[in-house]
Amino acid sequence: MAVSSTLLGRTLARGSGALGLGLVAIHILLALFAPLLVPYDPLTIDGAMMFDPPGAAHWLGTDELGRDILTRTLLGGRQAMLVTAVATPVAVAWGGLLGIWLGLAGGRIDAVLMRLVDAVLSLPWILKMLLIIVTFGAAAQVLTVTLAFFYGVPVIRVARAAAHGVVARDFIAAARARGHGTGAIVLREVLPNVRDALMVEGAMRWSWMLLAFSSLSFLGFGVAPPTPDWGLMIADSRNSMAIAPWSALAPILALSTLITGINLAADALAKAAGLDRAQNVVH
Amino acid sequence: MSSTEPLIALTGLAVGLRMRDGGVQPLLRGVDLAVRAGESIGIVGESGSGKSTLALAAMGYLRPGLVQTSGTARFAATDMFSPAGRALRGGRLALIPQNAGQALTPTLRIGAQIGEALRLHASLPASEHPARIVDLLAQVRLPTPDVLARRFPHELSGGQQQRAAIAMALAGDPEALLLDEPTTGLDVTTQAHVLELLRDLAVRRGLAMVYVSHDLGAVARVCERIAVMYAGEIVAQGTARHILRAPAHPYARALIAAIPRTDRASLPGAIEGRPPPPGGAGIGCAFAPRCPLAAEPCHASHPPLIAAPGGGEVRCRRAAEALALPLAAAPVNRTARTETAAPVLRLDALAVRYREASLADRVLRRPPATDVVADIALELHPGETIGLVGESGSGKSTILKAIAGLLAPASGSLRLGETLLPTRSALRSPAARRVIQLVFQNPDESLNPRHTIGDILAQPLGLYFGLAGAALHNRSTALLAQVRLGPHYLDRLPAQLSGGEKQRVAIARAFAADPDIVLCDEVTSALDVSVQAAIIALLDTLRRERRAACLFVSHDLGVVRALADRVVVLYQGRICEAGPADAVYASPAHPYTEALLDAVLKPDPDHTLRLLASDIVESGPPARGCAFQNRCPCPVGEICRTQTPPAREIAPGHTVRCHLH
Numbered sequence: 001m002a003v004s005s006t007l008l009g010r011t012l013a014r015g016s017g018a019l020g021l022g023l024v025a026i027h028i029l030l031a032l033f034a035p036l037l038v039p040y041d042p043l044t045i046d047g048a049m050m051f052d053p054p055g056a057a058h059w060l061g062t063d064e065l066g067r068d069i070l071t072r073t074l075l076g077g078r079q080a081m082l083v084t085a086v087a088t089p090v091a092v093a094w095g096g097l098l099g100i101w102l103g104l105a106g107g108r109i110d111a112v113l114m115r116l117v118d119a120v121l122s123l124p125w126i127l128k129m130l131l132i133i134v135t136f137g138a139a140a141q142v143l144t145v146t147l148a149f150f151y152g153v154p155v156i157r158v159a160r161a162a163a164h165g166v167v168a169r170d171f172i173a174a175a176r177a178r179g180h181g182t183g184a185i186v187l188r189e190v191l192p193n194v195r196d197a198l199m200v201e202g203a204m205r206w207s208w209m210l211l212a213f214s215s216l217s218f219l220g221f222g223v224a225p226p227t228p229d230w231g232l233m234i235a236d237s238r239n240s241m242a243i244a245p246w247s248a249l250a251p252i253l254a255l256s257t258l259i260t261g262i263n264l265a266a267d268a269l270a271k272a273a274g275l276d277r278a279q280n281v282v283h
Numbered sequence: 001m002s003s004t005e006p007l008i009a010l011t012g013l014a015v016g017l018r019m020r021d022g023g024v025q026p027l028l029r030g031v032d033l034a035v036r037a038g039e040s041i042g043i044v045g046e047s048g049s050g051k052s053t054l055a056l057a058a059m060g061y062l063r064p065g066l067v068q069t070s071g072t073a074r075f076a077a078t079d080m081f082s083p084a085g086r087a088l089r090g091g092r093l094a095l096i097p098q099n100a101g102q103a104l105t106p107t108l109r110i111g112a113q114i115g116e117a118l119r120l121h122a123s124l125p126a127s128e129h130p131a132r133i134v135d136l137l138a139q140v141r142l143p144t145p146d147v148l149a150r151r152f153p154h155e156l157s158g159g160q161q162q163r164a165a166i167a168m169a170l171a172g173d174p175e176a177l178l179l180d181e182p183t184t185g186l187d188v189t190t191q192a193h194v195l196e197l198l199r200d201l202a203v204r205r206g207l208a209m210v211y212v213s214h215d216l217g218a219v220a221r222v223c224e225r226i227a228v229m230y231a232g233e234i235v236a237q238g239t240a241r242h243i244l245r246a247p248a249h250p251y252a253r254a255l256i257a258a259i260p261r262t263d264r265a266s267l268p269g270a271i272e273g274r275p276p277p278p279g280g281a282g283i284g285c286a287f288a289p290r291c292p293l294a295a296e297p298c299h300a301s302h303p304p305l306i307a308a309p310g311g312g313e314v315r316c317r318r319a320a321e322a323l324a325l326p327l328a329a330a331p332v333n334r335t336a337r338t339e340t341a342a343p344v345l346r347l348d349a350l351a352v353r354y355r356e357a358s359l360a361d362r363v364l365r366r367p368p369a370t371d372v373v374a375d376i377a378l379e380l381h382p383g384e385t386i387g388l389v390g391e392s393g394s395g396k397s398t399i400l401k402a403i404a405g406l407l408a409p410a411s412g413s414l415r416l417g418e419t420l421l422p423t424r425s426a427l428r429s430p431a432a433r434r435v436i437q438l439v440f441q442n443p444d445e446s447l448n449p450r451h452t453i454g455d456i457l458a459q460p461l462g463l464y465f466g467l468a469g470a471a472l473h474n475r476s477t478a479l480l481a482q483v484r485l486g487p488h489y490l491d492r493l494p495a496q497l498s499g500g501e502k503q504r505v506a507i508a509r510a511f512a513a514d515p516d517i518v519l520c521d522e523v524t525s526a527l528d529v530s531v532q533a534a535i536i537a538l539l540d541t542l543r544r545e546r547r548a549a550c551l552f553v554s555h556d557l558g559v560v561r562a563l564a565d566r567v568v569v570l571y572q573g574r575i576c577e578a579g580p581a582d583a584v585y586a587s588p589a590h591p592y593t594e595a596l597l598d599a600v601l602k603p604d605p606d607h608t609l610r611l612l613a614s615d616i617v618e619s620g621p622p623a624r625g626c627a628f629q630n631r632c633p634c635p636v637g638e639i640c641r642t643q644t645p646p647a648r649e650i651a652p653g654h655t656v657r658c659h660l661h
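Chains S and F, in that order, are what the protein sequence lines are. Residue 283, in the numbering used here, is where the first sequence stops; the numbers in between run on with no holes. Residue 661, in the numbering used here, is where the second sequence stops; the numbers in between run on with no holes.
Hints were generated in silico from the structure; no laboratory data involved. Owing to the predicted nature of the structure, the values given are computational and were not obtained by experimental measurement. Incorrect hints may appear among the rest.
Said to hold, decoys possible - Ranges of calculated distance between the beta carbons of each label pair, as one might list FRET restraints:
#  : chain 1 : residue 1 : chain 2 : residue 2 : range
1  : F       : P106      : S       : L121      : 25 to 33 Å
2  : F       : V203      : S       : M114      : 55 to 63 Å
3  : F       : R424      : S       : P192      : 21 to 29 Å
4  : S       : L19       : F       : H488      : 39 to 47 Å
5  : F       : R424      : S       : M114      : 20 to 28 Å
6  : S       : P192      : F       : P292      : 41 to 49 Å
7  : F       : G65       : S       : I109      : 40 to 48 Å
8  : S       : L121      : F       : R132      : 50 to 58 Å
9  : F       : A471      : S       : T182      : 26 to 34 Å
10 : F       : G65       : S       : P89       : 34 to 42 Å
11 : S       : A13       : F       : R424      : 41 to 49 Å
A virtual CB, placed ideally from N, CA and C, is assigned to each residue, including glycine.
Extracted from the complex, chain S is given alone in its bound form (with noise of 0.2 Å):
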């Protein structure tokens, strides 16, 4: 058996890696053609089907206001993974390569500026969301900045222990000696020694920041209904949960699945890249 010598071949060698790569591709495959699939308006409100068991009209059967959940299913995740799509990359980006140069550079700005970290991360996230959303509302673009940021500082703190791995050894030094600046040595010396490191710590802060979407989104504080979305689905199913099980049922599954597939890849990602032992992931 031949072992692929790409990321991705050894990820995908994995039984797990697979799996969790083919959850999220089916995953991403739907909310991209969700439009076209879906058999029903997701926002109309029909009296005389509220609380439908699934069956041929309606498979997944329909909610307290006659919408049809399947429909509202294959939608809901939409908003949540555009949204956090954007966010992860940005926030891998920003807190990796600020922790790569605080591993580097060291010193009096690297002691200040990993206290102010840690600062950051010793808040409960959801304080530190809610106060950002209250004061500048819940628009998909407030909500992308926000994960984007605060996802991004405990990404500053994995970085910046895999770049002390890297900083120590001879070809840093030996770059330092020829006169390369900070930013030479940052993206073409130590950046593709750390990647590996990065991809998986964006692949588990993609599941986080998609919980924390749907968790903001049940409390009131993400989408706004009549959106369809599974975290406010899940909500709104709460109070029904004892008559019609299936309306909560479907946001959930599809959310477990997503957030399951994401995290299978990551781990898979992680054992390919031979980091599951060298690495302590900080949640």
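Since the structure of chain S is already known, use the hints to place chain F on it.
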């Protein structure tokens, strides 16, 4: 068991690496070895020759992934791969590993670790263990054994750790010891002491020893018999005298010729080509592709082990002709340099200290930290090579780093030609940075593993000369050609290169800047002797062609002898002696230089060592007086403790800092 029966007997032992496709790549190919009680045999070979695998297999242990494919390994007629054999491990047959610092458990005190070995392997009542532990530590000549027993491994120096590991191996009262490079990584003076200890133990306790090493000098010191390994098999064996004086195998001769010598300036002989990868040896003689004598039959079939013309056994069809191959490189004639040109680099009273006095230090009036490097004065002339010699902790790498601008000296000055150099690299002009280039010890550390060789060479070429595109490609190809590598290496990653090839790339990167000064930091110490010889030859050619001055740092006096015009000997960051290489090697004036030269191991069974009385390793220089005062075999008196000896010129260009002169 009759007395003539060997204690350790390997018969046709073959070990292979199990591949993913189910195939097996041979690492040991039919090894026969017999060691009798009280006999010591050295197994010599370069990395990848299978010598460590052999030593471990003799103990019935194979690293994960390895399988025994045929043959047997017996100890006292017990199959070592059987459960009964496993029970003998660590008791009657003990292993002494290469890196004792890593083999000892860091969280257990030395005494507790030896106690564990006693509990497992000695039939001694537990109440007598403490006394026995102290006794064992005393046997390996550790000072104050009762104190050391309570220490943790990290509190011991490298040599002391190795002694503790030996004491642990002795705990089971073994009949045989397997030693896997036991002195590699130790300083020369410490190594000499450990070797003397091993020799003495073997004689006193009648131990059989299998001593695995890449170093023929170390083996010559300890072993009566020597076996030379190449590509997983024994190619020559015999008494130490047979193998070292008249080896009949071309590889054994080349290996001896590759060892740098201290008695005269000569370029050690390199061995062309590289050994076959595991499983890569064809049907013929494994050495044939690199052998100067190889003929048709050598490639066609595998040579048997025959009686060698000079004594012993050899696996070579042309053994008789091999005896005519040279055993030593021809001396080179170093024309005396006329130092009329102005120095290209000048160091004046350079001092480096690692910890600056903090505010707390000043408030508490703590004494300032002693300088790790102090009062270094040096002049490097164009085209000249200066060898900086000293043991670990002597500050030689620190001096190079200060010159390269990687750490700021506490005082003193650095001059490039006439101009004063800023201390930090970032403050220097691009031109000043270009003319000083560094080559590091370990190319695995100094080449970015994620960059191709092309990327690596592009860094200095782009930075200093703004080369790009076709011009960059042409220049890179030319540089690779200068270090004897083909253009196809441009697209490779460092991991795809051998150690020697990686170091060639690192050298090419330094010379890419067209430097006036090349700083070489132990550039050959991570390499095998044959590869080392090739790198020395390469550096010698390049510095002549490019007229680059070279500051060559090494702990290996032989390597320095091969390249240096002048030598500077350092102890604890202070210069002891400096002068023309010929004069310093022929008549060392400082007691430390003399001790260093006396501790050099030679591949000569009749060579004896002269040892310093103490092999303690000092953690820092004394606050006052001569740096060498604590280990000096011939102190003058109180003056050594109170006054730093001044530099005295005992011959033109030859200065010594010792109160004896």
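Verification of the hints:
A C-beta distance of roughly 31 Å is found between F:P106 and S:L121, which places it inside the suggested range of 25 to 33 Å. Roughly 59 Å separates the CB atoms of F:V203 and S:M114, a value that falls within the hinted 55 to 63 Å. For the hinted restraint 21 to 29 Å between F:R424 and S:P192, the CB-CB distance of approximately 26 Å keeps it satisfied. Between S:L19 and F:H488 the C-beta distance comes to about 40 Å, which sits within the given range of 39 to 47 Å.
Between F:R424 and S:M114 the Cβ separation comes to about 24 Å, which falls inside the hinted range of 20 to 28 Å. Taken as a hint, the range 41 to 49 Å holds for the pair S:P192 and F:P292, whose Cβ atoms sit roughly 43 Å apart. The hinted window of 40 to 48 Å between F:G65 and S:I109 holds, with their beta carbons roughly 46 Å apart. Between S:L121 and F:R132 the Cβ separation comes to about 53 Å, which falls inside the hinted range of 50 to 58 Å.
The hinted window of 26 to 34 Å between F:A471 and S:T182 holds, with their beta carbons roughly 27 Å apart. As the Cβ distance of F:G65 to S:P89 is approximately 39 Å, the hint placing it in 34 to 42 Å holds. In this structure, S:A13 and F:R424 meet the distance hint of 41 to 49 Å, their C-beta atoms being roughly 47 Å apart.
Hint violations for this structure: none, all hints satisfied.
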